[in-house]
Amino acid sequence: MSAETTTPATDNVSLYDVDNPAPVIEPPRARTKKTPKSTRTNFELYGWLFMRLSGVVLVVLVLGHLLIQLVLDGGVSKIGFAFVAGRWASPFWQAWDLIMLWLAMLHGANGLRTVINDYAERPKTRFWLKNLLYAATVFTVLLGTLVIFTFDPNIR
Amino acid sequence: MSTPTLEKSAASAESEAPAHLITVTFRVRRFNPEISDQATWQDFQLEIDPKERVLDGLHKIKWDHDGTLTFRRSCAHGICGSDAMRINGKNRLACKTLIKDINPSKPITVEPIKGLTVLKDLVVDMEPFFQAYRDVMPFLITKGNEPTRERLQSAEDRERFDDTTKCILCAACTSSCPVFWNDGQYFGPAAIVNAHRFIFDSRDEAGEQRLEILNDKDGVWRCRTTFNCTDACPRGIEVTKAIQEVKRALITRRF
Chain A
1 MSAETTTPAT
11 DNVSLYDVDN
21 PAPVIEPPRA
31 RTKKTPKSTR
41 TNFELYGWLF
51 MRLSGVVLVV
61 LVLGHLLIQL
71 VLDGGVSKIG
81 FAFVAGRWAS
91 PFWQAWDLIM
101 LWLAMLHGAN
111 GLRTVINDYA
121 ERPKTRFWLK
131 NLLYAATVFT
141 VLLGTLVIFT
151 FDPNIR
Chain B
1001 MSTPTLEKSA
1011 ASAESEAPAH
1021 LITVTFRVRR
1031 FNPEISDQAT
1041 WQDFQLEIDP
1051 KERVLDGLHK
1061 IKWDHDGTLT
1071 FRRSCAHGIC
1081 GSDAMRINGK
1091 NRLACKTLIK
1101 DINPSKPITV
1111 EPIKGLTVLK
1121 DLVVDMEPFF
1131 QAYRDVMPFL
1141 ITKGNEPTRE
1151 RLQSAEDRER
1161 FDDTTKCILC
1171 AACTSSCPVF
1181 WNDGQYFGPA
1191 AIVNAHRFIF
1201 DSRDEAGEQR
1211 LEILNDKDGV
1221 WRCRTTFNCT
1231 DACPRGIEVT
1241 KAIQEVKRAL
1251 ITRRF
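Quick mapping for you: the protein sequence lines, in order, are chains A and B. The numbering of the first sequence is the working numbering, which starts it at 1 and goes up by one. The numbering of the second sequence is the working numbering, which starts it at 1001 and goes up by one.
Some hints here could point you the wrong way.
[Claimed, not checked] Distance condition first, Cα-Cα at most 16 Å in a straight line; then the derived EDC-like pairs of lysine to aspartate or glutamate:
1. A:K33 x B:D1125
2. B:K1217 x A:D118
3. B:K1217 x A:E44
4. B:K1120 x A:D17
5. A:K37 x B:E1212
[What the hints assert, rightly or not] The calculated label-pair distances, taken between Cβ atoms and stated as ranges, are:
6. A:A135 x B:F1255: 29 to 39 Å
7. B:R1158 x A:P91: 55 to 65 Å
8. A:L146 x B:R1254: 26 to 36 Å
Hints listed in this document are in silico derivations from the structure and should not be mistaken for laboratory results. The C-beta atom is built at its ideal place from N, Cα and C for all residues, glycine as well.
Use the sequences and the hints to build the structure in full.
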């Protein structure tokens, strides 16, 4: 029966022929014999485990944090310098916020690292995206840690 | 002598043909690098028995309508794993998919599997797939002298890896994996399944080596458990479960 093309047939046929075939489209980063062999480290294993364990802890920490900050005792309207100063006077809340900061940042950074590994095709793009990610992570973690430890409620 | 009877039966089959035949549109993804660098959809109208398979439809096209249609098939009975393709957006074996099961009232789309280089029409370059397969050492490795008799194994020990022995290397799972689409360096479900088959074989002694290979950055930890592979497997292998079992083996080995 009739064989019809759904897309209009292009008439510039002369471009490719048997001796001069069109280049085939290689998928990104195909596996070849030259693909690097095992590095024999457990980094990915620990990264995977860390995501699971930190995720469980973060459920408690983040939901508790949101509940205290946004829902209980007047909600978001109560938050001010005095409220934060009052909470950070207690080592318990300092520890809570410190652990939450570190776990959330590392959890998020590792998640983004896997996203970059999955979706950035060119090695250079990967390299720079990951460097940017690591720089942002280190900066945020260090700044947050510094503030938690050096917070001065009597600042003027 | 038998020819007249054959012709008779063929003729009678043809005369009653319209009763059970339906018209199906096959929408095939065509690519021929000797003509164009663009892949295009081409429609074929076929009169076909809905109880036939998609592969029969492709045969009809190739034999009766357009001999340039290129696809792989060897045994045509779901064992060799040559004719995995993307049918109506899902990876299946063309020889195991009945036309009546995939809504023949709409056009049936047939594409090459994704994530591998298309060479022509439905034929892809399987080399990266088989490279990953070779990299996990899919063969029995033992130490010491060869036994004079066969290597015995209890029924329970055999049962442990029974599911993953069913793999036919059709690449339906690997080419349905979104991680593999974006990064072909990932071993892919099929290679992990075939590693699983030997890692959990009580007769094999290189499980450690294979676990070490799959522990790497392109190994099992890249799996996002999207279950595409389990859905795609034409043999019904629980692929994602096998990958998770390898992950568990890696963790319990370490801790």
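Violating hint indices (sorted, rising): Per hint list: zero violations.
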